[in-house]
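In order, the protein sequences belong to chains A and B. The first sequence maps to residues 1 to 114 in the working numbering. The second sequence maps to residues 1 to 111 in the working numbering.
FYI, nobody ran anything at the bench for these hints, they're computed from the structure. Any given hint could turn out to be false.
Taking lysine-lysine and the DSBU-like style, the derived pairs with C-alpha atoms no more than 30 Å apart in a straight line are [what the hints assert, rightly or not]:
no.	chain 1	residue 1	chain 2	residue 2
1	B	Lys81	B	Lys110
2	A	Lys38	B	Lys98
3	A	Lys18	B	Lys81
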Amino acid sequence: DTEVTQTPKHLVMGMTNKKSLKCEQHMGHRAMYWYKQKAKKPPELMFVYSYEKLSINESVPSRFSPECPNSSLLNLHLHALQPEDSALYLCASSQEGPSTGELFFGEGSRLTVL
Amino acid sequence: GQNIDQPTEMTATEGAIVQINCTYQTSGFNGLFWYQQHAGEAPTFLSYNVLDGLEEKGRFSSFLSRSKGYSYLLLKELQMKDSASYLCAVRDYAAGNKLTFGGGTRVLVKP
Chain A
1 DTEVTQTPKH LVMGMTNKKS LKCEQHMGHR AMYWYKQKAK KPPELMFVYS
51 YEKLSINESV PSRFSPECPN SSLLNLHLHA LQPEDSALYL CASSQEGPST
101 GELFFGEGSR LTVL
Chain B
1 GQNIDQPTEM TATEGAIVQI NCTYQTSGFN GLFWYQQHAG EAPTFLSYNV
51 LDGLEEKGRF SSFLSRSKGY SYLLLKELQM KDSASYLCAV RDYAAGNKLT
101 FGGGTRVLVK P
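Next up, chain A with everything else stripped away, as it sits in the complex:
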């Protein structure tokens, strides 16, 4: 099993809604990531969890709140988002941690904020 699974695939929400994006991997990877990707732009790092601890926060606004309940799961809680937050949100994982190995990406959750 070499998959990173993200749900939902598509999400439409209003600016006052609270929603969550979910990511799961069963490869035994110890680092998990959230990236944001706007159309025709490269992925931009948001958060890194290494061994279930937050190791990098790229100065992301507090309306995005990550959570790593266990080594297989990564959530991104969304609250009071803005229309400019509409993007593809990619989850990724890597085997040992941020310092080694390639990242495996999920299919992404396409978010539209109205």
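Starting from the structure of chain A, add chain B where the hints point.
Leaving out everything else, chain B in the frame of chain A:
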């Protein structure tokens, strides 16, 4: 910080060879990755270089020169399905080993 440059677009003919260059500047180089991304899909890993030289994987090869801050991805025997964006990404240990992507190169393969 990091500065990663690659061409925006390239066009090539089916069966031909295309070379995508990537130059980078980083404080603590700890590996360079190439990813392929089809429109609307997730990036998929192609290759990884951390030492100088050429890594070959089937029709795809990647080269690294750390002293020049330079890499290229070589795609041989191009197929229509190779039309995609190709992302160069650099890991920087001076920045917590974060992986930063270049802007991507859109490759269009024509019959």
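Checklist line | Violated hints, by number in ascending order, as checked against the structure | finding: 3
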